[in-house]
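Residue numbers (numbering that gives the first Met the number 0), protein chains in the order written: chain A, 0 to 292; chain B, 0 to 268.
Just so you know, nobody snuck in bad clues.
For each label pair, taking beta carbons as the anchor points, the in silico distance ranges come out as:
hint	chain 1	residue 1	chain 2	residue 2	range
1	A	Tyr-134	B	Thr-77	37 to 45 Å
2	B	Gly-133	A	Lys-125	42 to 50 Å
3	A	Glu-128	B	Asn-237	51 to 59 Å
4	A	Leu-43	B	Gly-133	42 to 50 Å
5	B	Glu-127	A	Ser-129	44 to 52 Å
6	A	Glu-128	B	Asn-255	49 to 57 Å
7	A	Val-204	B	Thr-176	28 to 36 Å
Everything labelled a hint here was simulated from the structure, so no lab data went into it. As the structure is a computational prediction, the values presented were derived from the model and not from experiment. Ideal Cβ positions, reconstructed from N, Cα and C, are used throughout, including at glycine.
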Amino acid sequence: MAATKNKSLQQFDTDDPNRIQDIGWTFKEVWRRTRGTVVVSINLITFFILWELVVIYGDINPLFLPKASEMFAELWVGLTTRAPEGAVFSGSILDHFLHSFNNLMFGLAIACLIGIPGGLLMGGNKYIESILSPYVWALASLPRIALVPLFILFLGFTTKMQVTIIVISAVFPIMINSWAGVKTTEKSLLAAARVFGANRVQLYVKVVLPYTLPFIISGIQQGIGRGLIGVVIAELFGGSSGLGYLIQRSADTFNTAMTFAVLLLLIVMSLSLINFTRWLEAYVAPWRNVNHI
Amino acid sequence: MTKNDPIIVASDLTIAYELHRERKKLVALQDISLAVDPGEFVVLVGPSGCGKTSFINAISGLVPKASGSVTVRGSEVTGPGPDRAMVFQDYALLPWRTVESNVRMPFEFQDLGISEAEKNKRVKECLELVDLTGFEKSFPYELSGGMKQRVGIARALITNPDILLADEPFAAIDAMTREAMQAEMERIVMETGQTCVFITHSIDEAILLGDRVIVISYRPGKIKEVVNVNFPRPRMSNSAVKTSKEYAELRDHIWNLVKDEASQTNRGE
Chain A
0 MAATKNKSLQ QFDTDDPNRI QDIGWTFKEV WRRTRGTVVV SINLITFFIL WELVVIYGDI
60 NPLFLPKASE MFAELWVGLT TRAPEGAVFS GSILDHFLHS FNNLMFGLAI ACLIGIPGGL
120 LMGGNKYIES ILSPYVWALA SLPRIALVPL FILFLGFTTK MQVTIIVISA VFPIMINSWA
180 GVKTTEKSLL AAARVFGANR VQLYVKVVLP YTLPFIISGI QQGIGRGLIG VVIAELFGGS
240 SGLGYLIQRS ADTFNTAMTF AVLLLLIVMS LSLINFTRWL EAYVAPWRNV NHI
Chain B
0 MTKNDPIIVA SDLTIAYELH RERKKLVALQ DISLAVDPGE FVVLVGPSGC GKTSFINAIS
60 GLVPKASGSV TVRGSEVTGP GPDRAMVFQD YALLPWRTVE SNVRMPFEFQ DLGISEAEKN
120 KRVKECLELV DLTGFEKSFP YELSGGMKQR VGIARALITN PDILLADEPF AAIDAMTREA
180 MQAEMERIVM ETGQTCVFIT HSIDEAILLG DRVIVISYRP GKIKEVVNVN FPRPRMSNSA
240 VKTSKEYAEL RDHIWNLVKD EASQTNRGE
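Model the full assembly from the supplied sequences, consistent with the hints where possible.
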């Protein structure tokens, strides 16, 4: 921490040393830095307490809305136990979570492997662009859920089918963002590189690619959201494992606490992944967030 | 070819842009003939959209010409080259690179047969010249507009080009910093002895920096008049220049030339 602080202060070395002053740790300063977290925590705790009270005193059928505490209990148990060896069906949230998460990661990886080079090629070459773009737009505009029955027909109720649906859901935002990144590369940067002697390859490697990187990351971010929809849909429609399946099964068996626990887990998983990509985007392209500094 | 032959020669240069939708060609710049001597500071003024940038881009080799020719040291310009460097209005710095890495960029793209040690020395010298020592590791987004443009100037000077092209380099910089930058520009060009082709909207900037001011007319751009400026250098630090009678007359003269053209811009003709 100290090292990074010194680095950011280094540029002011030539200035009057009094220009940099210690703020110190007053109560106000601590509050200014932590108020965001504090407010969010109080907000969420209040929300769950109110939920609990509404269910207890509101005479609500637990079949429709479980107590918040029951949901958390279900989540805790579900995440800390695994199905015994050789079990036909697992009731453990962790098992289903791992299934879904692995599928999502695998699907996203394939979507990146197709989408990033595809988008870069489309942005870089007019012919490839005009050949591929009708198919890309057609598939990107089609609600992906409409393809699920077809893939079940092709691949059966298999993990392969689930991963395929994730790939087809996530690949287009990644591809279209990479494409747009190449296309919107600032003209003056290209002009500058050309004036200073860049050839075509250097132009792509040293200007277009770095410029496009944050676009690719925000494409992956959108891909995560879409991919997660793909995960749940694929498992709801056809499958015997995964969080989507668990939602279906727990609802069918009137275990609403479990349903809510899985929904909460999906929210947490989605937000964590998206926040990670946000952080990554800010890390690789700090110049795009100048307003915050 | 002797030492005093003009370094840049444009003869009957015409530049046109294709208007894709209308299937027509728009002439931006018509029949420009101009010879620039080595070490000369030439300033182009004219209303926006008159083709000043096209002219500078034709010299740099970024824009193809429709007819006529541009030669640099007697050979036809067909593309960018290390003998010409450019300073851009919007700085055009790579935002993911540090100041030092931006300044070093031309070395990466062009093999000039310079050793690594020599390159490091050049980077250091150029950053010193534009007064940015200590900011090597900063990123462009951490700098003010004036500092960014100084990085742009250092980058242009790094390969020691014969010709420095500048496209409204100080247009986006506040008035106070601009004066300091103009003084710096004058000092740098005096020190390096480079030939400079400079575009501006500011008549004061044109008179203070230029040995010759070329007034370009509005659409299509043609040379309306060439005005010689004979004040001794350095002019920026000499307050007598700005307060002199000749300065005021010159300013009025150029303003009258530009005014007619600018009013056409306003009417959108």
